[in-house]
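I would like the entire structure built from these sequences, with the hints used as guidance.
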Amino acid sequence: MPEKFDVIVVGAGPAGTSCAYTCAKNGLKVLQIERGEYPGSKNVMGGVLYRKQMEEIIPEFWKEAPLERPVIEQRFWMMDKESTVSFGYKGLEWGKEPYNNFTVLRAPFDQWFAAKGVEQGVLLINETVANECIVENGKVVGVRTDRPDGDVYADVVVLADGVNSLLGKQLGFHKEFRPDEVALTVMEVINLSKEKINDRFNLEDNQGCTIEIFGDSTKGNLGTAFIYTNKESINIGVGTTLSSMIKAKLKPYDLLDYLKNHSMVKPLLSGGESAEYLAHLIPEGGYHSVPKVAGNGVIVVGDAAQLVNAIHREGSNMAMASGKMAAEAIIRAKEKNDFSEASLNSYREALYNSFIMKDLEKYKDAAHTFEHHPQYFKEYIPMVNQAMSKFFTVDGTPKREKQKQIMRSVTGTKGTFKVIQDVYRAWKAVK
Amino acid sequence: MHIVVCVKQVPDTKIIKINPKTNTLDRRSAPAILNPYDAHAVQEAVRMKRLIKNVYISVLSMGPPQANAIIKKSLEIGADEGYLISDRAFAGADTLATSYALSKALEKIASIRPIDMILCGKHAIDGDTGQVGPGIARRLDIPPVTNVIEVTELSEKDQTVVVKRKLSGGYQLLRIQMPCLLTVEKEINEIEYSPLPNMLKAARYEPVVWTVNDLQDVDRTQLGLKGSPTIVGKMFTPPKHEGGKRLEGSADEQVKDLITCLLEEKKELFYVK
Ligand SMILES: Cc1cc2nc3c(=O)[nH]c(=O)nc-3n(C[C@H](O)[C@H](O)[C@H](O)COP(=O)(O)OP(=O)(O)OC[C@H]3O[C@@H](n4cnc5c(N)ncnc54)[C@H](O)[C@@H]3O)c2cc1C
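In the order they appear, the protein sequences are chains F and G. Residue numbering for the first sequence follows this note's numbering, starting at 27 and increasing by one per position. Residue numbering for the second sequence follows this note's numbering, starting at 6 and increasing by one per position.
If you're looking for bench data, these hints aren't it; they were derived computationally from the structure. In this text, all values refer to a predicted model and were calculated from it rather than measured experimentally. From the three backbone atoms N, C-alpha and C, an ideal C-beta is built for every residue, glycine too. All clues stand as given, with none of them false.
Cross-link-like lysine-lysine pairs, in silico, DSBU-like; alpha carbons within 30 Å at most:
id, chain 1, residue 1, chain 2, residue 2
1, G, LYS19, F, LYS257
2, G, LYS22, F, LYS286
3, F, LYS360, G, LYS206
4, F, LYS142, G, LYS206
5, G, LYS19, F, LYS220
6, F, LYS257, G, LYS26
In silico negatives: residues of chain G with every beta carbon more than 12 Å from chain F:
id, residue
7, ILE23
8, ASN24
9, LYS191
10, PRO243
11, GLY254
12, GLN259
13, LEU263
Here is the structure:
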């Protein structure tokens, strides 16, 4: 006789574990199913973990979680072929409690987080794939795993199975991706001694730095690259939407190679030893791509619900917040013993009233705008670089004259009208 | 019938790094796993359980509290019960002290439920000695049968088991009186994909943990580092095998080349005073 639980959570990433943890803490009987050898074994993330949403699940987690470095500096580069315009912020307040965010490596972090769930009573099984939802009379009543005697039942099944969410697709909640709805990202973990990292990034032992790179890092295509410092390694990665990759005939690993050998990047990595190479999709469709998130006996959270803010590289925090909201809706449903779509829709409501859907709404046209108007990445970034170079090169030209020359070269190549339109369009997309 | 399988947690030597300065294993560099040969031993017990009903499978391990994980793994494969002996007093044990500690734990398990058969892996992949199994058998005074590649017959009534032992260039067929101890090779079976109910049971399971004080009649001088006369004289990483030389041409030419090579390069072998 197959077992029945209150909740089955499919996936042990940040979304699934937040949900499982919160349910178990509130006395529900939870089964969490993870495909990997252990939670985090296959998971990929640039590595910035946001304190706020994590803290709402485990207060003062930084005292025990396996974190790399608190981020005290965020840099942004607009990179051209042989130059870069950079700005950023470094603040020591971010290096003290309660911190702002941290770099993490997902394998140890996910494992630790899932173990906290187990402490709360979650029954976690690894190396098991949920192949499909068991549906009876229009209601999800359990999952069928790939193991012999593999059926298991629950009042609610939570799909936290990540960006590809095969289970969500099977239920018809979301369609196959369009190539402009997902970014393909490749990254590498490069081992480098603590001393070298501290020297090159101007850090102390317990300080971290993030660099987001736009422009030539993606050869001018819509996308970004990043460099994050861990304790004794560096994460470097780059990604663009699948559609850009197809259009520009780019291969992701070529792009990463190009970035690693870029004159602005190479010195930061030199002498490092490649430890891991990873590739993963990021859902970047934003607001318009969010599928149905609740049905009869089923809830969708995290990447599976496409909850990623690509402009601010926020994903894990949205995963955690949505997992927690799902748990709260399930707890309410359990009190009424009603697991229908109408009842579980209290999750949908909470989600749409939270920062998650508000932020996704704010940027709902951003990716679209930038994708369809490649001039932002292809033309303006080199232009800004040239302007800076001109302005700061001391050659006897009066500064006022230099400003005029810069304006002339900007409007000269593009025409005043077009520049004004582009500025307006960009502002509208992110306002 | 009661089968006890002795299992060990080992670093995954497929990925482990060796510290080139000290020549010791960098244990942090590899995840801890159930010794692969032991996994086959557990699987074989499960197979026997399917053959004749009424088989109860226990696993026993000596190790730190984290060795819990391999006991759970054994339950996933199909064991019914797991015992862990864990105590600082056991630390630093060589094969002599390990077999002593395990035999004491086996005596205690036998007092709960008499043991008919003990299974071990051929050897642990982090030491490759293969001495613990026979050591246990000697201490318990039961027959040890090493390198088993097949259990062909199992008779509960006569209390006998027929096994094939791997020999170089053949095999040996033996009928053994139980209780006995078998150590198994990998080819004895294929590890099966565990059914979901086993996974759920293992995830819930907490093994029985014993310290030295829980065992009876223990001579503490035979435990741990104190009870371990083995001295590791030297450790080294085997040098990488360099590609050999390829001789080409007709058979005659090749033989000629070979002889020249041997005479030139291995002169000392042919040196006559
Ligand atoms: C290169 C890269 C860089 C990123 N950088 C950042 C960053 O710096 N900061 C940030 O906040 N976010 C970042 N993100 C996004 C972030 O990684 C995701 O938003 C986050 O991991 C989503 O969590 P999740 O739990 O929804 O999904 P996942 O973390 O993908 O977890 C899904 C889990 O489900 C398991 N699973 C899937 N299918 C099944 C199945 N059928 N049965 C059983 N188990 C299954 C998987 O093995 C996995 O463990 C980045 C993403 C990428 C790819």
